[in-house]
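Residue numbers (the UniProt record's numbering), protein chains in the order written: chain A, 1 to 265; chain B, 1 to 265; chain C, 1 to 265.
Derived from the structure by calculation, the hints contain no laboratory data.
Here the structure is a predicted model, which means the values were calculated and not measured.
One thing to keep in mind: the hints can contain errors.
Okay, derived cross-link-like pairs now, DSSO-like style, lysine-lysine, Cα gap no bigger than 27 Å in a straight line [claimed, not checked]:
| hint | chain 1 | residue 1 | chain 2 | residue 2 |
| --- | --- | --- | --- | --- |
| 1 | B | Lys77 | C | Lys149 |
| 2 | C | Lys217 | C | Lys149 |
| 3 | B | Lys77 | C | Lys254 |
| 4 | B | Lys117 | C | Lys254 |
| 5 | A | Lys149 | C | Lys254 |
| 6 | C | Lys149 | B | Lys80 |
Interface residues of chain C toward chain A, partial, derived using beta-carbon atoms under 10 Å [to be verified]:
| hint | residue |
| --- | --- |
| 7 | Asn74 |
| 8 | Cys81 |
| 9 | Gly83 |
| 10 | Gln108 |
| 11 | Glu109 |
| 12 | Ile111 |
| 13 | Leu116 |
| 14 | Lys117 |
Restraint ranges, calculated between C-beta atoms of paired labels, are given here [claimed, not checked]:
| hint | chain 1 | residue 1 | chain 2 | residue 2 | range |
| --- | --- | --- | --- | --- | --- |
| 15 | C | Ser67 | A | Asn84 | 51 to 57 Å |
| 16 | C | Pro202 | B | Lys80 | 26 to 32 Å |
| 17 | C | Val45 | A | Asp174 | 25 to 31 Å |
| 18 | B | Asp198 | A | Thr98 | 34 to 40 Å |
| 19 | A | Glu124 | B | Lys149 | 34 to 40 Å |
| 20 | B | Lys149 | C | Thr24 | 38 to 44 Å |
Idealized CB from N, CA, C, for every residue including glycine.
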Amino acid sequence: MFEARLTQGRLLKQVLEAIKDLVTDANFDCAATGFSLQAMDSSHVSLVSLMLRSDGFDHFRCDRSLSMGMNLNNVAKMLKCAGNDDIITMKAEDSGDTVTFMFESQNQERISDFELKLMDIDSEQLGIPDTEYAATVRMPSGEFQRICKDLSSIGDTVIISVTKDGVKFSTNGDIGSANITCRQNTAVDKQEEQTVIDLNEPVQLTFALRYLNSFAKATPLSTSVILSMSKELPVVVEYRIAEIGHIKYYLAPKIEDEEMEENDG
Amino acid sequence: MFEARLTQGRLLKQVLEAIKDLVTDANFDCAATGFSLQAMDSSHVSLVSLMLRSDGFDHFRCDRSLSMGMNLNNVAKMLKCAGNDDIITMKAEDSGDTVTFMFESQNQERISDFELKLMDIDSEQLGIPDTEYAATVRMPSGEFQRICKDLSSIGDTVIISVTKDGVKFSTNGDIGSANITCRQNTAVDKQEEQTVIDLNEPVQLTFALRYLNSFAKATPLSTSVILSMSKELPVVVEYRIAEIGHIKYYLAPKIEDEEMEENDG
Amino acid sequence: MFEARLTQGRLLKQVLEAIKDLVTDANFDCAATGFSLQAMDSSHVSLVSLMLRSDGFDHFRCDRSLSMGMNLNNVAKMLKCAGNDDIITMKAEDSGDTVTFMFESQNQERISDFELKLMDIDSEQLGIPDTEYAATVRMPSGEFQRICKDLSSIGDTVIISVTKDGVKFSTNGDIGSANITCRQNTAVDKQEEQTVIDLNEPVQLTFALRYLNSFAKATPLSTSVILSMSKELPVVVEYRIAEIGHIKYYLAPKIEDEEMEENDG
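Produce the entire structure from the sequences given, and follow the hints as far as they go.
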């Protein structure tokens, strides 16, 4: 039996919005440690990893580890029917073929249960090695979202360059080019407005903007985003979800040969 | 000569929005008692009945009963040009072929008149017998609208079950099933937030969600909706319009044979 | 070298939104007097004329007159990437083939530069004679915008009639007809809510609504619009941009033969 109750049901709604455009079908893994998901996007280019720790739920019970295959669009459809202030409880039998989402309004006057059919999904869990990164940038998540969106109107890829003074996002397209520079800024009082750079060595990597735009759908989950980068390694785009977990996206940088091929195509 | 003046012109705008998706062309009936309309929807499945009593208007004159055929989309187009705070006056000659909508801004600085060509529409007035219903539910109209919309993302039909404790809305679809229960709740101070059940005997009926969604377009007209149901009889979905009248929708329940046919098709 | 800095960067964004739907490609002219543009719309029916005076900028330098050909949609794309409170600086070399738009956030923490490729565009400057007009109407720009939009739902052309008491906008269409009258009104305190008519002789002219709707895209630039009209002359629809300049649209009236041809077509 699996049962997990979250007073801040809105978090679950936002989590689904943050991954459903990237991943179509995926297994959610329930274990004593928490509720998690790891999946490649449908074009097998990026990876998303979600962890909601059991201690972050208001009630969490998982007698036996379970892997529940779901179509994320269908989950999102059901969670859209929860009010933003509803309490959400997820429930599943150990050997059942459904998962139930229960929504309670705060005054208990409306109670809904939505039962979703589970599906069998093949998946393999990838081991992601813990790495020390050459550069880490923490910046307002809304700023990162807007930069990715703005640059997408000019070009398809972004070059992210981190130095000790700031982080520069650059693109190139048919109509011209663009550079947006955010300076390191730790002076403001509010942590969520800070741009903080932790640098071992300067790094410059190129990424496809459309994946970063998909990752930025997680913006409502956190006021800050953390970008971790090293030469030739996938960037990690991380959103921490207050007191319960995180969602991390991994995307390999483009290397020059790839870019050339793309331009030929 | 027909002339009717309504200070709260916004009501007329909302009335049109509440019926124009259901009915394409219809006759508005003007009589000494008021301004009314009765029409089947274009697929002849549901019926809408509007009554605006003459005493609810700020000025009302109707020398001779008139039946004025209008395309409701065209009426809605014209009424959209009235400001929300405009005073609206409708005018027609006894044997004319147009109706005029006059809009006055509150400071009288802008005056508009929109003249619509009338059309000949065949229609027969159905007699709707007054019935005692097995169950009546009064609930917040916004809640009803949201439930119908939410369930439509899962299934095509809704089973409405009323007991003395509450009303349950259930659906079934390819991806799973859903139940939403609203408990009877007369404790809250504001009448418009109450859910009140008046029960002679428990009733359970099945309806096509798409019609209920159309009916729910009347939500801005009233904070409450009243559902009246009896076994094998059409449900009445009623929105009372403060101090002037009402709009009532009638929809026959689905019976099992019908459902089977649909599933076969 | 051309360089122009505008603290109220939002004005430039709004200017582009006001002309990009009407004009595809156009030359911006930089001179010691200011930054200007004059262009016919793509169907060669209306003319738009923009003037931003050099003294309205916070910094303005123009060593040599320049004519810079740009695709207005591409300029608009870039300016959309400026925040509403950003300071915008335009820069170009005398013989370069690009223009740079630089955006600075108010706290200087984000600096963006967008470089647009220039294009060669043939254009001829039309001399517009200064004329005394038979009638001038100053009215709230939002009111004018709404009237043009409302009448477009009924007909394709508008007859504007100015008398000493007010201005009347009329249209005719398949479903009926409409008249909207705005009375002269100089009593209200706020100049931007006034409707003021300056009349030498009554005038009545017919225009295509779709051009007026395009002109009304300039509404965010000014609380008032000024319509200047004389018999058989193009109307001037003018939006004054506080302390820096104006945008003027010219549109020839329809004459009866034209209308007939249209109705035949």
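We went through each hint and held it up to the structure:
1. With a CA separation close to 11 Å, the supplied pair Lys77/B and Lys149/C stays within the 27 Å bound.
2. With a C-alpha separation of about 11 Å, the suggested pair Lys217/C and Lys149/C falls inside the 27 Å cut-off, and the hint holds.
3. Distance restraint check for Lys77/B and Lys254/C: the Cα-Cα separation of roughly 26 Å lies within the 27 Å cut-off, and the hinted pair is therefore satisfied.
4. The straight-line distance between the Cα atoms of Lys117/B and Lys254/C is roughly 26 Å, inside the 27 Å bound, and the hint therefore holds.
5. As the CA atoms of Lys149/A and Lys254/C are separated by approximately 43 Å, the hinted pair breaks the 27 Å bound.
6. Distance restraint check for Lys149/C and Lys80/B: the Cα-Cα separation of roughly 11 Å lies within the 27 Å cut-off, and the hinted pair is therefore satisfied.
7. Evaluation of the Asn74/C hint against chain A yields a held restraint, the C-beta minimum of about 4 Å falling below 10 Å.
8. Hint on Cys81/C holds. Least Cβ distance to chain A is approximately 4 Å, under the 10 Å limit.
9. With a least beta-carbon distance of about 9 Å to chain A, the hint placing Gly83/C at the interface is held under the 10 Å criterion.
10. Taken as an interface hint, Gln108/C checks out: its beta carbon lies about 7 Å from the nearest beta carbon of chain A, inside 10 Å.
11. Restraint check, Glu109/C versus chain A: the minimum CB separation of about 5 Å is within 10 Å; hint holds.
12. Contact between Ile111/C and chain A, as hinted, is supported at the beta carbon level, the nearest pair being about 5 Å apart and thus within 10 Å.
13. Here the hint on Leu116/C is kept, as its CB sits about 4 Å from the closest CB of chain A, short of 10 Å.
14. Hint status for Lys117/C relative to chain A: holds, with the closest Cβ pair at about 5 Å, below 10 Å.
15. In this structure the hint that Ser67/C and Asn84/A lie 51 to 57 Å apart at CB holds, the actual value being about 54 Å.
16. Here the CB-CB span from Pro202/C to Lys80/B is close to 31 Å, well matched to the stated 26 to 32 Å.
17. Hint check: Val45/C to Asp174/A, Cβ distance near 30 Å, so the stated range 25 to 31 Å holds.
18. Between Asp198/B and Thr98/A the beta carbons are some 36 Å apart, a value that agrees with the proposed interval 34 to 40 Å.
19. In this structure, Glu124/A and Lys149/B meet the distance hint of 34 to 40 Å, their C-beta atoms being roughly 39 Å apart.
20. Our hint of 38 to 44 Å for Lys149/B and Thr24/C holds, since their Cβ atoms are close to 41 Å apart.
When held up to the earlier numbered hints, the structure conflicts with hint 5 and nothing else.
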